[in-house]
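2 protein chains.
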Amino acid sequence: MVANDILIFNEIPKGKPVPGQTTVKKQEEFDLDQSLPDGAILVKTLALSLDPYMRGRMRDESIESYVPALKLHAPIENFAVVEVLRAGENAKFQKGQKLYGYSKFQNYSVIPKEQAESLRVLENKEGLPWTTWVGSAGMPGQTAWYGLKFIGKPQKGETVFVSGAMGPVGQVTIALAHAAGCKVIASAGSEEKIKYLREELKVECAFNYKTEDPNKVLADWNQKEGRPFSIYVDNVSGAQLTAALAHIARRGRIVAIGSVVDYHGEQHGIEGVFQVVAKELTWEGFLVLNRMTPELFEQFYAEVPPALASGKFARPKEHVTIGLDNGEAFAALFDSEASNFGKAVYSFE
Amino acid sequence: MVANDILIFNEIPKGKPVPGQTTVKKQEEFDLDQSLPDGAILVKTLALSLDPYMRGRMRDESIESYVPALKLHAPIENFAVVEVLRAGENAKFQKGQKLYGYSKFQNYSVIPKEQAESLRVLENKEGLPWTTWVGSAGMPGQTAWYGLKFIGKPQKGETVFVSGAMGPVGQVTIALAHAAGCKVIASAGSEEKIKYLREELKVECAFNYKTEDPNKVLADWNQKEGRPFSIYVDNVSGAQLTAALAHIARRGRIVAIGSVVDYHGEQHGIEGVFQVVAKELTWEGFLVLNRMTPELFEQFYAEVPPALASGKFARPKEHVTIGLDNGEAFAALFDSEASNFGKAVYSFE
Chain A
1 MVANDILIFN EIPKGKPVPG QTTVKKQEEF DLDQSLPDGA ILVKTLALSL
51 DPYMRGRMRD ESIESYVPAL KLHAPIENFA VVEVLRAGEN AKFQKGQKLY
101 GYSKFQNYSV IPKEQAESLR VLENKEGLPW TTWVGSAGMP GQTAWYGLKF
151 IGKPQKGETV FVSGAMGPVG QVTIALAHAA GCKVIASAGS EEKIKYLREE
201 LKVECAFNYK TEDPNKVLAD WNQKEGRPFS IYVDNVSGAQ LTAALAHIAR
251 RGRIVAIGSV VDYHGEQHGI EGVFQVVAKE LTWEGFLVLN RMTPELFEQF
301 YAEVPPALAS GKFARPKEHV TIGLDNGEAF AALFDSEASN FGKAVYSFE
Chain B
1 MVANDILIFN EIPKGKPVPG QTTVKKQEEF DLDQSLPDGA ILVKTLALSL
51 DPYMRGRMRD ESIESYVPAL KLHAPIENFA VVEVLRAGEN AKFQKGQKLY
101 GYSKFQNYSV IPKEQAESLR VLENKEGLPW TTWVGSAGMP GQTAWYGLKF
151 IGKPQKGETV FVSGAMGPVG QVTIALAHAA GCKVIASAGS EEKIKYLREE
201 LKVECAFNYK TEDPNKVLAD WNQKEGRPFS IYVDNVSGAQ LTAALAHIAR
251 RGRIVAIGSV VDYHGEQHGI EGVFQVVAKE LTWEGFLVLN RMTPELFEQF
301 YAEVPPALAS GKFARPKEHV TIGLDNGEAF AALFDSEASN FGKAVYSFE
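Chain order of the listed sequences is A and B. Under UniProt numbering, think of the first position of the first sequence as 1, with each following residue one higher. Under UniProt numbering, think of the first position of the second sequence as 1, with each following residue one higher.
By construction, these hints were calculated from the structure, which means they are not laboratory data. There may be inaccurate statements among the hints.
All copies of an identical chain are treated as equivalent in the list; a pair is satisfied when it fits inside any one copy or across any two copies.
Simulated pairs of lysine-lysine, DSS-like, Cα-Cα distance not exceeding 27 Å [said to hold, decoys possible]:
(1) Lys14 to Lys279
(2) Lys92 to Lys183
(3) Lys71 to Lys279
(4) Lys153 to Lys98
(5) Lys224 to Lys92
(6) Lys279 to Lys16
(7) Lys312 to Lys14
(8) Lys153 to Lys279
(9) Lys195 to Lys312
(10) Lys16 to Lys71
(11) Lys95 to Lys113
(12) Lys149 to Lys279
(13) Lys92 to Lys71
(14) Lys16 to Lys149
(15) Lys113 to Lys16
(16) Lys202 to Lys216
(17) Lys92 to Lys153
(18) Lys16 to Lys210
(19) Lys317 to Lys44
(20) Lys113 to Lys44
(21) Lys202 to Lys149
With the sequences and hints as input, model every part of the structure.
Set out below in structure tokens:
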């Protein structure tokens, strides 16, 4: 018997999630020697991903949305890396293997056959931390990769504007844009993040959207550069999206990733959408899991993890919480003042 | 010598154009026997197109935009059908030929060599009225055709929602959508237009956006049909665009054509753009003249004029003004209460 921490979805939040109310940690006993149902495996969690889209799952189950609701009073679920402790009767797995995919927010889990077989075995020849496999080498990295490659379509010499740039999608977007020979304008919400963007991620232009007018920053960049930026990777919507529409180049591409504000159910009118016509823009959203075919997964894993390991891409900034808390790490995703920043993860190593 | 009516761009409008102020008709003498510069041709105007985008050209020349400014105190210009009265020294043309392209708003014109050679000879084997060659078989028809075909990508059984449906782009969109096996939801701003849409253009659902809530109409349609509409051809922006974002299907396509409101410089915030992500929408604008390659022109002329002539596409509704006025016909484009409706043209036949 071992102690098993579990993070429970306890209450539907109004607005921002509240640790200890929206989410509550409880502890149960877990029998490592329990008998396993046919094909099920028993795993230990190594890393769990915390992502803003999870807020959208914390709703009444009767409300339809683009992602299923989380089950109230049940464990939170999201992308994870787990280690096989017992493969049971399932010949596809072996003890010691590391697997990537959906799992419960608990130290130990029994994963039923069908779900287990949807997980991907990580060889990790690159030697990346397990947390990175749920971040830059996981779903957020795939989001940045798919969006920039297939919607942004960067050409050498273009400039890419990315908002929410210190988030996990933003960081990989910056690395991919630089690798494609593009310059980067990056925005974030604190001076520490701006410093990191400038000094560690080497962006050509970084600005704090809370203290600087994005319209002025973008207009100045376009003026200085002699040509306007042509790709906007939008992680935030709102005023930065309005500014991007006003200043993006003709035939520009808007990669719609997310909107921190809208996750809380607020509505922000976007002005100037006539620019979609006047500048012949393409504006496209996507849910990465609906787009990643087996071939694209292979291509992603062949490109991105090696680039992260070799240092070709800047080492991702992660905000690691050791072991489960009451949801403080999740709530911090919605607090742009949080002094810790980077991809939010729980680690159990 | 003949009398030549000329419509002059007289004054930059604030808001809607005012006949007799924004535009003024004057009359000059025109020498039909004048000597022609090298390669120039002398033509008589048969049809002139009046389009909302022309409002955007009525600005101070120092303001950059997606279409060049019209020259103040000079004749208005737009798409036209003209007849060659004298081909002069230009061996590419013959007396009696009908030509399509840009021309001045006057009864008679001398067209310089280079501009003349940019005009397309219309054979009109289909026997369409010349006015139709600047409407359903002209730029507005090409806009509908390109937008629906390459951005909307209609599949049999889908529903297409088109706003500004009695405009020239809307009418051709309806015909093309029906030809593709789609149903059509169409909106317009008067009961007469709604009647025409239902009875003549046979749309499956028509509504007056001034008296009906587009959100309710679209939600009811989706409910009744058992699947949501999946293409929105947007001629108006504003509240109908917001409603379309809320009710369009996943993987929907928004074909951005125009925004009557924005032509006057007003700003309307669009809510719910997060749906671009949540529903994985594609939203794309285009300027048809930048997209129509010679191959696409051939394809368009092979498809659309014969379908109009054969009755496969509903006969387009045109609002014909005989001879030039002081700009009343242009101003009426921006008056949704106007009792005459359909593609606005001047005819000189």
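Hints, verified against the model:
no. : hint             : verdict
1   : Lys14 to Lys279  : between (39 Å within a copy, 23 Å between copies)
2   : Lys92 to Lys183  : neither (45 Å within a copy, 49 Å between copies)
3   : Lys71 to Lys279  : between (44 Å within a copy, 22 Å between copies)
4   : Lys153 to Lys98  : neither (33 Å within a copy, 43 Å between copies)
5   : Lys224 to Lys92  : neither (57 Å within a copy, 47 Å between copies)
6   : Lys279 to Lys16  : between (36 Å within a copy, 23 Å between copies)
7   : Lys312 to Lys14  : neither (42 Å within a copy, 55 Å between copies)
8   : Lys153 to Lys279 : both (17 Å within a copy, 21 Å between copies)
9   : Lys195 to Lys312 : within (20 Å within a copy, 64 Å between copies)
10  : Lys16 to Lys71   : within (18 Å within a copy, 54 Å between copies)
11  : Lys95 to Lys113  : within (15 Å within a copy, 81 Å between copies)
12  : Lys149 to Lys279 : both (21 Å within a copy, 20 Å between copies)
13  : Lys92 to Lys71   : neither (29 Å within a copy, 74 Å between copies)
14  : Lys16 to Lys149  : neither (32 Å within a copy, 43 Å between copies)
15  : Lys113 to Lys16  : neither (35 Å within a copy, 67 Å between copies)
16  : Lys202 to Lys216 : within (21 Å within a copy, 50 Å between copies)
17  : Lys92 to Lys153  : neither (38 Å within a copy, 43 Å between copies)
18  : Lys16 to Lys210  : within (19 Å within a copy, 38 Å between copies)
19  : Lys317 to Lys44  : within (25 Å within a copy, 70 Å between copies)
20  : Lys113 to Lys44  : within (16 Å within a copy, 79 Å between copies)
21  : Lys202 to Lys149 : within (21 Å within a copy, 42 Å between copies)
Consistency with the previously given hints fails for numbers 2, 4, 5, 7, 13, 14, 15, 17, ordered from lowest to highest.
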